[in-house]
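Once you've looked at the hints, dock chains D, G and F against the given chain P.
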Amino acid sequence: MEFLLQPLTLVTFFPLLGVFVIAFINAEKKDAIRWTALITALATLLISFWAFAQFDKTNPNLQLEAKYAWIRVADWNIYYYLAVDGLSILLVLLTTLLSAISILSAWSAVQERVKEFMIFFLLLEVGMTGVFLAQDLFLFYIFWEFTLVPMYFIIGIWGGPRRIYSALKFFLYTMAGSILMLLAIIYLGVQAQNTFNVPELLARLPQLYASGQISPTAQMLLFVAFALSFAIKVPMWPLHSWLPDAHVEAPTAGSVILAGVLLKMGTYGFLRFNIPLFPNATIQAAPWMALLATIGILYGAAVSYAQADIKKLVAYSSVSHLGFVMLGLFALNAEGVSGAILQMVNHGLSTGALFLLIGMVYEQTHTRQFSDYGGLWKAMPIFAVMMLIAVFSSMGLPGLNGFVGEFTILLGAFGSKAIASPWYAGFSTLGVILAAVYLLYLFQKMFLGPDGKVITEHKLKDLNWREIVTMIPLVVFIFWIGLYPKPFFDILAPAVEKLLSALPL
Amino acid sequence: MNSELIVFLVLSLVAIATALGMLFSRNAVYAALFLALNFVAVAIFYLLLGAPFVAMAQITVYAGAIMVLFLFVIMLLGVKDLEPTRALPWQKPLAIALSVILAAEATYVLLAKARTTMMVASPDASLNTMESLRNLSVMLFSDYLFPFEVTSILLLVAMIGAIVLSHRNKKETK
Amino acid sequence: MVSVNYYVALSAILFSIGALGVLSRRNTLIVFMSIELMLNAANLAFVAYARTYDTFSGQIFAFFVIAIAAAEVAIGLALVVEIYKSRNNVNIDDVNSLHG
Amino acid sequence: MHLSETMNSGFYYLAPLLVFAPLVGLLINGFFGKYLSEKVVGAIASLASGTTFLVAVLLAHSTALNHGQVVQVPFAAWIHAGGLQLDWTFRVDTLSTTMMLVVSGVGTLIHIYAIGYMHEDVRFKHDEARFSRFFVFLNLFILSMMILVSGDSYLMLFVGWEGVGLCSFLLIGFWYELDLLSLPSWSNSNAAKKAFITSRIGDVGFLIAMFLTFWHFGSLQFDAAFQAAPSVAQVSPGAITAITLFMLLGVAGKSAQIPLYVWLPDAMAGPTPVSALIHAATMVTAGIYLIARSAPVYSLVPQAQYIVALVGAATALFAATIAVGQYDIKKVLAYSTISQLGFMVAAVGSGAFVAGMFHLITHAFFKALLFLSAGSVILGIERGHHTHAHHAEPKGKKKKEEHAEVFDPGDMRNMGGLRKTMPTTFWVYVVGTLALAGIVPFSGFWSKDEILLETSLHYPLIYWLLTAAAFFTAFYMGRQIWLVFFGEPRSDAAKHSQESPPVMTIPLIVLAALSLLGGALNLPFSGFHNLTHWLSSTISGVESLPFNWGVAGMSTLLAVLALVVSWFLYGRNPLKEKQIDPLKKPLGWAFTGMENKWFVDELYRAVVIGPYERLAAFLADAVDWKFWHDFVHDTLIVGGFNGLTKTLLDRNVDQRGIDAFFNSWGAFAEWLSANLRKAQNGFIRTYALATLLGVVLILGYLILK
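Protein chains in written order, with my numbering: chain P, 1 to 505; chain D, 1 to 174; chain G, 1 to 100; chain F, 1 to 705.
Bound conformation, chain P alone (with noise of 0.2 Å):
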């Protein structure tokens, strides 16, 4: 029982316990099963909450360590080893805020097959967290290809008239990319003594690398192997192809755990493996991936200008962003990566909100194509001040959220020993502007100008309780980290210190 106990452990397993309740609900009492998929939601993030409260936020190393050895054959030791450190403590709050709203936010949105669907959600939420937790690699694998599952049929039900083709896409291209780091991961484990515990191949490495035992090339070959698989989750251009499909196709829930976490469980694999297990490699990539994630800065920006549908272009920024926060990383100086991980979180809430909105919408007009918006400001004036605020949030408009970490990336990146060139940093202020292009467009198609066809066509209502209630948390966090980031800073800067002092840099 103690076992079950532990913060992280009931953190990560608890939404089971709501399949389990749901698995016993008839199918046809829909609100039950939503309230009882929300409480769910809220319990667990009470229990993050919880678990943060029991975070020592000045001790840099992992915390509220759950380890068990789990499977043992021949000499292998693998473990169940759930941890967390300032690294991630933010993202798995992250996980559960954004998994209550979601499935606040699909409380009209779904109607068929209710059950299943908050079956498949909790589910998602369990791998999810575990992902940002497991701290032994055959754990995270599992946890990392758990996620495809679930996401694939919220995707593949229900989704959009291309969701078929657009789920199989998402899952063949992760799969795709994960099928190498499992390689990785196995020949880690071979080389470093049998084991994937993320803490002890920190301490065998350094010597394997110094003993010649894992060449420089092989350490590249690894490096390059993990990031393949976390560059398509980011994604990374060029990888970015299965995203707007998958967006676009996704119901908003899902749209808003895609861009709102799933997203960030690639950035967050470079910074939790890809850094500190490989640290010379890092260090001679990082032009490359400053290179890469600075095309992806201005490609996805231009993109995004040039869309005709509105969930389109929500979904080609986060290239552009995610761009940004590679950017951070690989700046691999305190300013960009704290910068980079506030971002992760930023681009959760603001593109998330984004999604809601649009969610929110669509389902009154059943239409994203811009030409057919306009003046909506008039009709809905609370939606559009919440629009207006996640616009500028996303844009970076200092004094929100998203400014914060741009600035901190930017600035990091432009003086980024790694990088060892401000031209990176300086090419990507320029998706600054870009930024304000494409979201301004946005904003104007749809809330200025005249009165657009939805307007005419549908006697539209402005946001109910209940679709202000679930934007209510994201503003109040675009504000606070917009205004005052400097208790997440503190969280993060222990880590952050600890990460950056092992580089040889």
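Treat the hints as calculated values from the structure; they're not laboratory data. It should be emphasised that the depicted structure is a prediction, and the values quoted were computed from it without experimental measurement. Please note: incorrect hints may appear among the correct ones.
To be verified - Using 16 Å as the maximum straight-line C-alpha spacing, the simulated EDC-like pairs for lysine to aspartate or glutamate come out as follows:
#	chain 1	residue 1	chain 2	residue 2
1	P	Lys486	F	Asp87
2	F	Lys420	F	Glu499
3	D	Lys92	G	Asp93
4	P	Lys378	F	Glu128
Here is chains D, G and F on its own, set in the frame of chain P:
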């Protein structure tokens, strides 16, 4: 020729006779009654073999419950002689031949091949005490606990199955 | 004192009679009865050997066989009733829709 | 000096109120605005702004008492990441208090004016619910502006900098569904977008300047950065030049300098109080404030300073020429603003920081005055348009047609003779014009003269450019006065125009008084260098120059000459209805250029916007979708995989090879079973018989074995 052997032979005659009676009865009710008698005879064999518990089970379950069930079904469906059919003309002779061969073979195998020389002691007072019953129960609930539980599940399944079979039918007739 | 062989022989004879019943009778109910007879024959052998080797296992098996027979009869008779309801007789030869 | 030492000797602890007073105002109006009456909404907003002004006065007073000491008022921690340690800290010194006073003072007057203006504006445009929203945005603007001027670091300044950009966006697009003629259109929202994006281009410059500052000076906090600057200048002067020039790009974006000025004329789409407050008096001067604030850095690189001055001077002249060819009353003022901002940039660029700030202040007075008066004129014309329509054509049907007809109340060709119908507006407008034109003793004269004097000493080219710009300034203002207020009305609306209510005219009169007397802040006579003295405690090394009769005489002469020329052209023979501009014929293509803003917008569209849109569309459609998504993924990868699996492996290897082999076995089994199935007669008894046969045979085998 001791007295036990005489008892045995008499009882075996009864058993074989009732079995044949069942086999040859045109009327199902008679067949059932013959069979019941056969069961009783077998139950007495059990007693002779020092298995009072099995004997009682035999009487209650077989001669009692099962046979009543049979009779009940027979009554329910009505006793009707079947029209003779010519569907399987070679079935009966073949069956008789094979059964005879089987009996011969089985007897031969069991008697000539196994060649057990052991004798079955007649029941004495010690066997009929509660002691043996207690040992049996202990064994049933320790070494054979799992099969025992499985049997209970089997009975449950059978019960549900029987209910479902008749229940569905009820719906159909509506 | 009776040789265990006698019991075994009786068991074999009863089993053969049961088998003959299964093979030759067309009334489903009597086919069932014959099956019961065969089970009984087996039980007899079990108990006889149990006595011979002075162990309870044989008795326990007999007990299980009785339980299973009860289950079998319950299902079997339910099926017979079903068959009767759909065909209005209990001729086992009428039920041959599985023919090749 | 830090707060603890001065806490007792001043009102510094009130500094956070600068931001929180407008915040409270905007929250009240934002949440409850729709339940409150217009007067209450306006009063709350004005009160919020007024509180800010009061706090600014108290802070200025404290600063004066402390002999201009710089005081940092820490408020809260902010970004602490690695080497970047920034807090929300208010900086109270002479420069920032000056800006606070100007912004909140002019801001409050405009708030009051806007109560009257918006009351009518929302009615003319048929959406009265939007009244409170206007004041929310206005308070938000004051809030952002206060962050801008009171920030203690470049980053905090940047927060305000972008915040005012947001307000500018929201307010330019206030009538987002209309265009300048109040017809449904994307035009106003396009203007808003243009303003924000153009400023953002400048912001990138500012951002990069900040990155350079951080990595070279080690801090974004003003004092720390300035302290590090001289030593860095010796090691890597190139870095400082880069910082200053990138910062200039930011200034160009926000203060509408070449090449990024194009958004400001379009920004006139906003309601007139907005044009006055944001796009004339305060926000656009943020760039000048930034350079003045960065004086210690700019002073280190004279070449960069020269470039700044040159940009300013070129803008001043360029915009002034465009203003000559405009017909819209607000567009003239907009280009005039650009031109005057050019003056200020030229001033701070050539090291005359005080002169630049001085002009900033006086310009805030008279340009706000001019814009507000222009707003008064436009509303007067609107009123005339409506009364005329109602009275002259009482029949409903006709009235509608009259309304539907396109009428531009801002077009000066529709005006004329307004001095009779709108006397107060006329007189304050004249005061503003004289101040702008630089006629003694109006405030504009003194500040402009100081700029000219400073530049004449160091940079002759700049001096001549500015002098020429001053000539054009006086000319287009004269043209405007003659066109608007003199002659005969050129439209029915002008004939029936009415004076504005006191809630609007009183702020005008106050501003007119300030425009008249504002020069007293810094008269070029010894003992009257108040502003110089005041700012010298913040900006070191500023000196006050003695009055120079040559420069002053030259500029006054040119201004008077320009006014006379404009009278010859527009005043002597007033323009008739539908008559073309008398300058058109003599100037020919040059006037066409002025009328069309020298085609800069078209140039940008052709060179920047169009190509970007085409590039974006190309990347999105051709590269990302058709090539990368459809061709590479769907055709190459999926098709390749399908080809490999379906054609090669499935059809050839599998079906014709492996399958065929095993199918033959299947065929055999089929044949066999077809024969064997005859054994399956369906009779259970037969099966049982077969089973028994098996048993018998097995037993037999066992026996015989």
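Now for the hints, and whether the structure bears them out:
As the CA atoms of Lys486(P) and Asp87(F) are separated by approximately 9 Å, the hinted pair is consistent with the 16 Å bound. For the hint linking Lys420(F) to Glu499(F), the alpha-carbon distance of about 10 Å falls within 16 Å, and the restraint holds. Taking the CA atoms of Lys92(D) and Asp93(G), the gap is about 13 Å. The hint holds against a cut of 16 Å. Distance restraint check for Lys378(P) and Glu128(F): the Cα-Cα separation of roughly 12 Å lies within the 16 Å cut-off, and the hinted pair is therefore satisfied.
Checked against the numbered hints given earlier, the structure satisfies every one of them.
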